[in-house]
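> Residue numbers (the numbering used here), protein chains in the order written: chain A, 1 to 502; chain B, 1 to 254.
Don't take every hint at face value.
[Unchecked claim] Computed spacing ranges between beta-carbons, pair by pair:
#1 B:Gln152 - A:Ala244: 38 to 48 Å
#2 B:Gly227 - A:Gly274: 23 to 33 Å
#3 B:Ala195 - A:Val381: 35 to 45 Å
#4 B:Leu148 - A:Ala306: 53 to 63 Å
#5 B:Pro198 - A:Lys315: 51 to 61 Å
#6 B:Val167 - A:Gly289: 46 to 56 Å
#7 B:Pro193 - A:Leu436: 17 to 27 Å
[Unchecked claim] Which stretches of chain A does chain B cover? Using the computed rule of at least three CB atoms under 8 Å from a CB of chain B, they are:
#8 408–417
#9 431–443
#10 476–484
To be clear, the hints were calculated from the coordinates, so they are not data collected in a lab.
Glycine residues also receive a C-beta, built at the ideal position from the N, C-alpha and C atoms.
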Amino acid sequence: MGQALADALALVPALVTADADPEADREGLEKLCDWCVRFSPAVAVDAPDGLLMDVTGLAHLWGGEAALVADLLARLAGNGVPVRGAIADTAGAAWALARFPLDPSSRPDARESGRESRDPASATPVAARVRSVGAELAGSRLALTRVRDDELLVGPDWTISPPGAHRAWLKPLPVDALRPEPEAAAQLRRLGVRTVEQLTALPRAQLAKRFGMGLLTRLDQAMGEAEEALVFRRPVPPWFERLAFVEPISAPDDLARVAADACAKICARLEASGRAARRFELVFHRLNGTSHALTAGTALAARDPARLARLFAPKLEAVDPGFGIEAVTIEAGRVEGTPARQGGLTGETDTAEDFAGFVDRLSNRLGEDRVWRAAPVQTWVPEKAVAHAAPMSAPAGGWDPERPRPVRLFRRPEAIEATAPVPDDPPLFFRWRGRLHRVRRAEGPERIAQEWWKKPLADASPERVRDYYRVEDTDGARFWIFRTGLYGGERPSQWFVHGLFG
Amino acid sequence: MTSAPRLAALRARVAALESSGPALGVLPFGDARVDGRLAGGGLPLGRWHELGGEGMEAETAAAPAAFAARLAARAGAGAVVWAARRPDLHAPGLEQLGLSPDRLLFVAARTEAEILAAMEDALRAGGVDAVVGEVEDVDLVAGRRLQLACEQGRSTGFVLRRRPFGVRAGRAAEDGPSAATTRWRIACAPSEPAAGEPGLGRERWKVSLERCRGGRPGAWIMEADDGADPVRVVAELADRQLPAAHEDRRRAAG
């Protein structure tokens with residue numbers, strides 16, 4: 001702790017080090033917090049490396065507190081999260097017991113005042129090693145609070161203080177177990193106050209004067225004489241609904257009906273909260289435990305159950321009920337607030353809704369990437385000038401009207417054999433797809449050079465230019481052709497057809 | 001009763017039989033030489049029209065696409081849906097033809113059937129005024145379905161006949177019966193820049209109206225126009241300039 005990296009590496013040359021990433025630590029802790037909801041509905045994140053869980057009245061579900069904490073720790077360990085746990089009457093006491101484990105044989109009333117404060121590093125060597133170079137989630141410990149006999153229960157990596165006994169068990173712990181401010185902790189150490197017992201022996205008024213109320217508050221919170229407010233994390237209610245059936249269903253009509261029911265259920269919830277979603281996943285759970293998922297997306301956020309059911313209807317054919325379907329779940333994704341809209345009075349709204357419905361039907365049938373609107377891209381390269389935008393996206397403007405562009409543009413320019421008289425002239429003849437075209441009129445060139453600023457400068461070359469010409473053959477067919485490279489350059493120039501004007 | 005009024009009465013009955021539902025109006029070309037040959041004095045809206053190319057254009061379909069884009073852009077103010085299999089349509093080029101990218105929705109289909117299905121759906125959808133589809137062939141059933149979709153959705157369809165590269169289609173297949181209201185063949189024509197100006201002039205096409213319900217076929221040289229009309233007629237081609245193969249059909253139709 002607080003050790004320089006060089007010193008740590010001198011002691012343990014094979015030390016694995018990682019940069020501190022408090023953001024990622026916090027995120028990891030929140031994920032773990034959400035996971036712990038399966039044990040208790042009230043879990044709070046105790047940054048930077050702990051979780052606090054209210055387990056009041058929950059222990060009987062696991063058959064005792066010891067069974068609960070053992071199950072929790074075993075599950076976490078199975079997921080690769082080394083954790084220490086403690087259950088005590090107050091959050092402060094649980095925090096202390098989780099981080100400063102006690103030996104149960106040491107009776108608190110034995111008054112071992114000379115007892116050394118343990119270095120936490122010796123208790124959790126893995127965690128301490130990581131934290132010396134920046135803590136990771138591996139260092140997190142779990143404290144569990146509880147409200148409810150007198151012996152300290154101790155497991156391999158957990159401690160349970162019996163109800164009402166936490167005061168006695170806190171006494172031999174070092175003052176650091178009280179979560180003091182770093183300055184207060186340092187000063188206490190300087191003054192030779194090492195244990196909680198020594199601290200409690202001192203007059204309160206003097207303590208308050210010297211260390212401020214912070215230390216006393218922490219002491220009272222651990223002892224249970226002051227309230228401590230915990231901010232429990234409430235996971236967002238998921239946009240998820242479930243329909244379970246008494247008898248498994250398999251008839252197509254039943255599937256259509258339950259699909260509509262599921263849509264109606266989720267839409268009613270969306271409606272109640274004034275929201276709408278753009279993606280829905282309907283999952284049919286078969287008797288044998290397998291499932292079949294259908295997805296539907298909408299261009300505009302929707303919560304109309306009838307319209308949603310119509311989107312799912314053509315996909316229901318693909319659902320194989322097997323031995324029967326016992327449950328249907330539906331989940332809404334990309335949920336967003338929707339402005340209140342009044343429909344039905346003006347024809348305009350109906351048309352827009354109708355158009356959105358058509359776009360939804362089409363993109364659900366063909367695939368989302370197959371229905372699109374063209375949007376301009378800021379580039380000079382013709383084949384990259386068009387981006388695919390969502391069908392209902394806001395208008396994005398157009399392209400430069402001064403530069404003629406063909407109606408048909410080939411994805412890959414097609415090489416042609418061309419005869420050009422002078423370096424900078426368009427060709428007189430060219431052969432494309434086995435047919436000879438005689439150029440009657442020509443216009444150009446429009447020079448389009450490589451976008452050198454988008455690539456490493458080493459790749460840039462003045463040779464990578466295209467000179468585009470609009471040419472018309474004797475039949476009147478208009479081509480967009482270009483020549484790559486410069487005349488007399490390193491590579492011989494080559495002609496291509498890139499598009500047709502029609 | 002003389003033969004002339006009887007013939008007129010018969011024609012009216014045939015026209016009533018052929019067109020189901022009220023007409024949506026027409027898109028005039030702004031030139032009597034063309035509008036005079038089309039029933040109603042312009043390209044009928046709320047119907048579907050077939051456009052083919054000639055020679056190289058039967059495979060690339062660039063000239064028909066340019067022509068269709070100019071017509072589709074003027075068929076209404078709503079959205080234009082363009083369904084195709086090959087991804088060689090270039091939005092900047094279409095914008096220069098008058099089709100703004102904000103109005104244009106592209107549909108990349110995998111099969112011919114998907115294109116036709118998407119066209120039908122688009123024609124029926126509200127807010128869509130013109131639908132362009134690039135297909136090899138439309139049989140009578142599919143054509144009839146397209147027509148019903150046009151009438152229901154009150155929008156105009158354009159079918160670009162486009163052969164896959166390197167496939168030689170029989171002439172018969174291209175001239176077979178069709179449910180289209182009009183059938184056009186578009187070929188590029190040499191442009192004529194203004195006197196003394198270098199480079200290319202405005203795009204010109206040799207446009208043949210091969211088949212037209214309630215109208216007469218014809219052939220013209222047309223030029224791109226920036227005005228309200230989709231194209232400007234440069235010259236009408238004499239009947240003898242029509243290919244001989246189309247002559248028989250013209251008689252049958254006319």
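> Check the structure against each numbered hint from earlier and tell me which ones fail, lowest number first.
2, 4
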